[in-house]
Amino acid sequence: MRGIALGSAAALFLALPATAATPADPAPPQVIPAWGSTNVLAAPLRDLAASGVDLQSSEAVRAVAGVGVSVAGGLEVVDGKVTVSARFSDAAAQNTAVDAVAALGTVVAVTRSLPTIVVQAPPSSFAQLAALPGVVSVSPALRPATSGSTSAATSTRVATTGDGARSCRGIPAEADPVLRSDAARRAFGVDGTGITVGVISDSFDMAAGAATTPQEDVNIGSLPGTGNPCGYSTPVRVLADAPAPSTDEGRAMLQ
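Under mature numbering (1 follows the signal peptide of the UniProt record, and there is no 0), the residues of the sequence shown are numbered -20 to -1, 1 to 235, in order.
Because the hints were derived from the structure by calculation, they are not lab data. Source: prediction; values computed, not measured. Virtual Cβ for every residue (Gly too), placed ideally from N, Cα, C. Keep in mind that a hint or two might mislead.
[Claimed, not checked] DEER-style ranges, computed between Cβ atoms:
hint: 1; residue 1: Arg42; residue 2: Ala71; range: 33 to 39 Å
hint: 2; residue 1: Ser50; residue 2: Leu159; range: 41 to 47 Å
hint: 3; residue 1: Val44; residue 2: Val90; range: 27 to 33 Å
hint: 4; residue 1: Ser50; residue 2: Asp182; range: 31 to 37 Å
Turn these sequences into a full structure, and let the hints guide you.
Written as C-alpha cells, this is what we have:
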C-alpha cells in the first residue's frame, strides 16, 4: 500500500503544468522613518535647515523644530553642528557611506548592530546626508535625561531607603532619581523583596579591567550576597558567563 500511495502522489505531481506559477519572494520589511514622517529627513531637521535659525537660541530653535537646545530631550549642538542619527538599510550601505558621512560632519559613533551613524553636522548638510545611498532615516540624536539634568534637589541627594533614612549602601544609588524607582516604592508600597530578576547579557565576571569585583560590589551594597550591608544576602546566580574578553555588562545591569 505504501508503494501505491507514493506512486499516486508522484503521478499527481508530474501532472502539474510546467508553467505553474511559483510563490513570489516576500517583500523586505518596511523601515518607517523616525518622527512619523514619510521623508528620510525628519521634519524637525528639515524645518531647522530651511529656517536658518540661530542654533544658539534655544527658544528660537524650539519655535521651529519643537525642541530646545542642549537640554534634556533637546538637540545637541556643538560649534554650529547638530548631532543627528543616520539609519541605513543594511550594514553594507553603512560601511560604504562612512567616509561620505565624515565629509559632511564629525562622526561621533558607528553602531553595527543597528546600522546607524551618529554625526555632528551643520543644518546645511542635512539634505546631502539624507540623500546618501542606503540612508532610510535621519533624525535628531536628542540629549538624554540624566541625574545631572534633574532639579538641584534631586541631583544632590544621596541614596535613601523608602522611609527617607540615609542609605545602607557605600555609594549613592544614582538610578533612583533617574528611573523614579523611589517614587514607585512609595506609591505602591513595594521594594522588590522576594522578586527574582533575570538579566540577559554577555558576562558577569569576565572583564579583565573591571573597576570592581563582584564581591566588592556586594560589600558596598550594589549587589546582593553575603556581606551586603543592606541585608540582601541571597547571591546572584550566574547561569552562564561568556568567555573573555567581555565587558561584564550583565553585572552593571544587575547593579
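Hint-by-hint comparison with the structure:
Our hint of 33 to 39 Å for Arg42 and Ala71 holds, since their Cβ atoms are close to 36 Å apart. About 23 Å separates the C-beta atoms of Ser50 and Leu159, a value inconsistent with the hinted range of 41 to 47 Å. A hinted range of 27 to 33 Å for the beta carbons of Val44 and Val90 is consistent with their spacing of about 29 Å. Our hint of 31 to 37 Å for Ser50 and Asp182 holds, since their Cβ atoms are close to 33 Å apart.
Violated hint: 2 only; the structure is consistent with all others.
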